[in-house]
Amino acid sequence: MNGNFPIMRAIARIADIEEANSRQAQSRVAPALRLVVCIAAILLVSLSRNAAFVLLLIAVELVRMALLSPERIRRIVLRLPLPVLMTALLMLPAVFLGSPRSMLTVTMKVFCAVLLLAVLNEKLTWREVTGGLAALHLPPLVVLTLDTTVRFVVLLGRYSDRILEAVSLRRVGRKNWKNAATGGILGTTWLKSQQMAQANAEAMTCRCFAGVYKKRPNLAAAKDRKKELTANLAYALLLPALLVFFFYSQGLV
Amino acid sequence: MHIPDNYLSPQTCAVMTAAMVPVWGVCIKKVRRELSSKEIPMMGVGAAFSFLGMMFNVPLPGGTTGHAVGGTLIAMLLGPYAACICVSVALLLQALLFGDGGILSFGANCFNMAFVLPFVGWLTARALQKLVKAKTVRGRALCAAGGSYVGINAAALCTAIEFGIQPMLFRDAAGQALYCPYDLSVSIPAMMAGHLTVFGLAEAVFTGLIFAFVVKTSPEMEHQDAGTAKTSLPVRILLGALILAVPFGLLAQGTAWGEWGSDEIAATGAGYTPAGMANGIDFSSLLPDYSVAGLPDAVGYILSAAIGVAVLIIVFKLLPLGRRGESVS
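In order, the protein sequence lines correspond to chains A and B.
Just so we're aligned, residue 44 is where the first sequence starts under my numbering, counting upward by one.
Just so we're aligned, residue 52 is where the second sequence starts under my numbering, counting upward by one.
Treat the hints as calculated values from the structure; they're not laboratory data.
Each residue gets a CB set at the ideal place from its N, CA and C atoms; glycine is no exception.
Only part of the chain A face toward chain B is listed, based on derived beta-carbon distances under 8 angstroms:
(1) 93
(2) 94
(3) 95
(4) 98
(5) 99
(6) 101
(7) 102
(8) 105
(9) 106
(10) 108
(11) 109
(12) 113
(13) 116
(14) 117
(15) 120
(16) 292
So that you can see chain A by itself, here it is in the shape it has in the complex (with noise of 0.2 angstroms):
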């Protein structure tokens, strides 16, 4: 039962994340535009054959997360110890067949790629993601599930969260309650799942969402417009950038 904690701090990380998002200031430039650059940028990575080109992302993004606050800084910190550790231990027997570079290599794109996604959450909500994705042409459906998953984990997480530690009390005593504590919460989460699926596809109803993400009105005055149209191409021209660099890189120009 104890091995449901890291689970659960997880999860209640995630919400903390989620929240401490939502409170800073909205960056001009559109989330459809960050991911696509994001996600580019993560593809030419792998593809890329020597290290220059991964060095200048991680120059990049390290240059970017210097900007970040403390906090948030330690939480991109945090997250790529795993990844990083575990390419690497993957590709050690590399090592010892006579291919050390290999290792080297693959670990870090790994580190560049993780690097990347991590900054991306911390300049993105998860709110702002899905509605990137919307913005993206992406089947409806399957941003909905996506949205509901993520969220659902959230509020189940919280929910199963809670029962621990009601049932990690009660173990106090003769009773053993040990057996019971797995099924019982896992049960009685799927049981709570049902309920809240339920009342979202009431609460679904009554709002007249369909699943479909309509894209917002911009209420922005003209002169943020402006603002905004300006970031936004400036943010665009990452993508040629990158390219050009990636092709030079590689001794293809």
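With chain A held as given, fit chain B onto it using these hints.
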């Protein structure tokens, strides 16, 4: 002034590291007591300035190069104890990531550049300030520049002595030096000639100009006024401009005195490669000599500068989170 590995004997390196341990201990204790959690990230900015200052190589006739260190600048802004930690962390990063300065000789490099330089520079600058009763920004900047000139020369003298005592203490059966082959009669003039003239001047100009700029645009960064310290926009812009300008440091061709590779030392006048250098440790860093394979030197230099500055700021921003009982926003 970065002593590479194998120039000093392991015994000398051990003594220098042992000498630095209590210094680091005292500095950490003093910084924890004197600087609040909000001020510690400022140390990252200071370390970043020092790191960038060391990337601007200045040439000297004869093919050697040198650079500013910026230790006195940090000491004037945040105090000498914080300067010692900042320069030590910058030197560690340079040694591990960029292969600039040795791993074994890290203690010796810290003694010269992180301890002697900021403390001597700071004491001299303070004495000058009292002597001329400097109150204006320009006056204080001139005092800081004067202090930094004395500081870097004191550090260079220590480095020259460390080099020069090697052939006196460590020789093989044939009478050849095991490590640095040049004795005090060569090392002191060679090191001091450059530092008393061009490199000392470069350190003084770097310290004076940046001190005046920071005090004018971001007075809260100065130790005495700190409390709500936050990196101001002009300081960020200055850091960005310095990162983009680091390729100017590549214009200086040649290797600094005492920083040659083991394959170069025989041709410098020694006539042979000392055994301790030929068979010494060889640490290969991720970005050797601030270069990236497959990219022009200038681009590699900028990338190295950006990575170095970002890592230093991140490290010093994370440090206060380890403190208990204080919140960082």
